[in-house]
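One-letter residues, chain by chain:
Protein chains: 2
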Amino acid sequence: MPPTFAFDQPGVRIRLDELPTDPPKGTSRKEAEARLAELGEELFELQDLLWGARLHSLLVVLQGRDTAGKDGVIKTVAGYLNPRGVHVVSFGPPTQEELEHDFLWRVHRHTPRKGEVAIWNRSHYEDVLVVRVHGLTPASIWRERYGHICDFEELLAEHDTIVRKFFLHISHREQQARLLERERDPRKAWKLSVGDWREREHWDAYTEAYEEAISRCATPRAPWIVVPADAKWYRNLVVAEALVEALRPYRPVWEAHLDALGHKARAELAAYRAAARTS
Amino acid sequence: MPPTFAFDQPGVRIRLDELPTDPPKGTSRKEAEARLAELGEELFELQDLLWGARLHSLLVVLQGRDTAGKDGVIKTVAGYLNPRGVHVVSFGPPTQEELEHDFLWRVHRHTPRKGEVAIWNRSHYEDVLVVRVHGLTPASIWRERYGHICDFEELLAEHDTIVRKFFLHISHREQQARLLERERDPRKAWKLSVGDWREREHWDAYTEAYEEAISRCATPRAPWIVVPADAKWYRNLVVAEALVEALRPYRPVWEAHLDALGHKARAELAAYRAAARTS
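Those protein sequences? They're chains A and E, same order as listed. Per numbering that gives the first Met the number 0, residue 0 is the first one in the first sequence, and the count goes up by one each step. Per numbering that gives the first Met the number 0, residue 0 is the first one in the second sequence, and the count goes up by one each step.
Hints are computed from structural coordinates only; laboratory data are not their basis. Fair warning: there could be bad hints in the mix.
What the hints assert, rightly or not - Stretch-level coverage of chain A by chain E, calculated; a stretch enters the list once three of its residues show a Cβ under 8 Å from a Cβ in chain E:
1. 39 to 46
2. 66 to 74
3. 141 to 152
4. 189 to 199
5. 251 to 265
Stated by the list, open to error - Using 30 Å as the maximum straight-line C-alpha spacing, the simulated DSBU-like pairs for lysine-lysine come out as follows:
6. K74(A) to K263(E)
7. K113(A) to K187(A)
8. K113(A) to K187(E)
9. K187(A) to K113(E)
10. K74(E) to K231(E)
11. K74(E) to K187(E)
12. K263(E) to K231(E)
13. K231(E) to K263(A)
14. K74(A) to K190(A)
15. K24(A) to K74(A)
16. K74(E) to K113(E)
17. K74(A) to K29(A)
18. K263(A) to K190(E)
19. K74(E) to K74(A)
20. K231(A) to K190(A)
21. K231(A) to K187(A)
22. K29(A) to K231(A)
23. K187(A) to K29(A)
24. K190(A) to K263(E)
25. K231(E) to K24(E)
26. K263(E) to K187(A)
27. K113(E) to K231(A)
28. K74(E) to K187(A)
29. K113(A) to K74(A)
30. K231(E) to K190(E)
31. K74(A) to K24(E)
32. K113(A) to K190(E)
33. K190(A) to K113(E)
34. K74(A) to K113(E)
35. K74(A) to K29(E)
36. K74(E) to K231(A)
37. K263(E) to K74(E)
38. K74(A) to K231(A)
39. K231(E) to K113(A)
40. K263(E) to K29(E)
All values derive from a computational prediction rather than experimental measurement. We treat Cβ as the ideally placed atom computed from N, Cα and C, and that holds for glycine.
Work the whole structure out from these sequences, hints included.
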């Protein structure tokens, strides 16, 4: 099991440059991939129980700098899930209608219903990240948002939503390598964006914004996990492991509930058949 | 390539009992599965181009009797896609709010945006199926709906939505076997429903309703495909094949568009770098 960098206590100051972007020394890629396949199967099973029992839902928040691998995590980890019960939502720049509401309005309508998994590619955290870095609202506004975020996530948790937030942590060097790689491959050139290079000029401001967001909004029921993301295979393993660990404790609850539902369904069917025989 | 039972001309009367529920004689399961894996890769590639180019969207409508395999198709075929760009929507009994709107209101809000794939597990067709069989609205109402459905799907097609509608065709015998199988497996007992057995009593009424829906709403731009669905492996192959065939003609268009986007992005990046050097 990989060491994890999970933060679940608000106010504990974190420093991203003290947290690794690389896999721990000696981690075997081959073993990690074998383990990921196992976790994928367990995740699929757990999701089936979540779906059937409809007692809880799962919200996965993915944040990270450009090229950090949000799309890659979705492809790999969500690929293990039954698409029937998964909603992937990407939050881009807000529309005019969204801007005319409070900042939680647009994400609230995409929270998962019971039985479902929602995966958010970016989220309400952008309102204390890009908004802060580029001064899109006055500081007096975005400073109030940490409290609102914690309250909102607590509301979800009280409604039996299991919340896990991932920061995909890549190094400055690795981001450069990935941006240049896109440029070399003519089939990927359409994914190039000057915006990505421009945002890179604000690296330190984003670091600061992420540190504060993670520190202030890490809570027991909605923890942040800082994922070493320079190696894609390790990043996927850490996310899958954290999700399996989040769901696994509920397995007996869901199984017992499904047993009860099964007994009820059998009894109803028996009654239906008895009625059909005597009619 | 399997023979297909695609209907794209309105008004041509079809009879479901003349259409196979079994794979054609001599079809090799092993070959079918190998072919499905190839199609899955092609589907993934095509979806990536669809997503990048954002010139079109894809709407997949899945209809069929209970146990016909709608969920199975979603799991298998959607499993080949990048979850980022897929929305699976299940339409159950309408809510009060939905009933207080016209019958297309609730589906319209789930049509795919450019670049996306929407997969509908049941759809607006329920309003000429279950509604007709159980007399939930007067015949004068549901009879008008075929025309509205054709108009609606034409609207989507004009907005560059590629529409494919699948009827998963299982036999009366195979449905019984599947319902009984659910009953035998204690881990699946919670999926049992008296409702499924009750609906089975209306088998012929549903046959008639499906025949009319398929006949009246088969159009060149929104064809119906009647899928032999007694064998799951064959059913998945037919759906995957039909989707690949629907998307494949667009490949050169999407590739050319992405090339142009790539050139534009490179030029912008070059200008950005030149400006950075001289500043």
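Next item on the list: Would you pick out the hints that fail for this structure and give their numbers low to high?
Entry: 1, 3, 7, 12, 31, 37, 40
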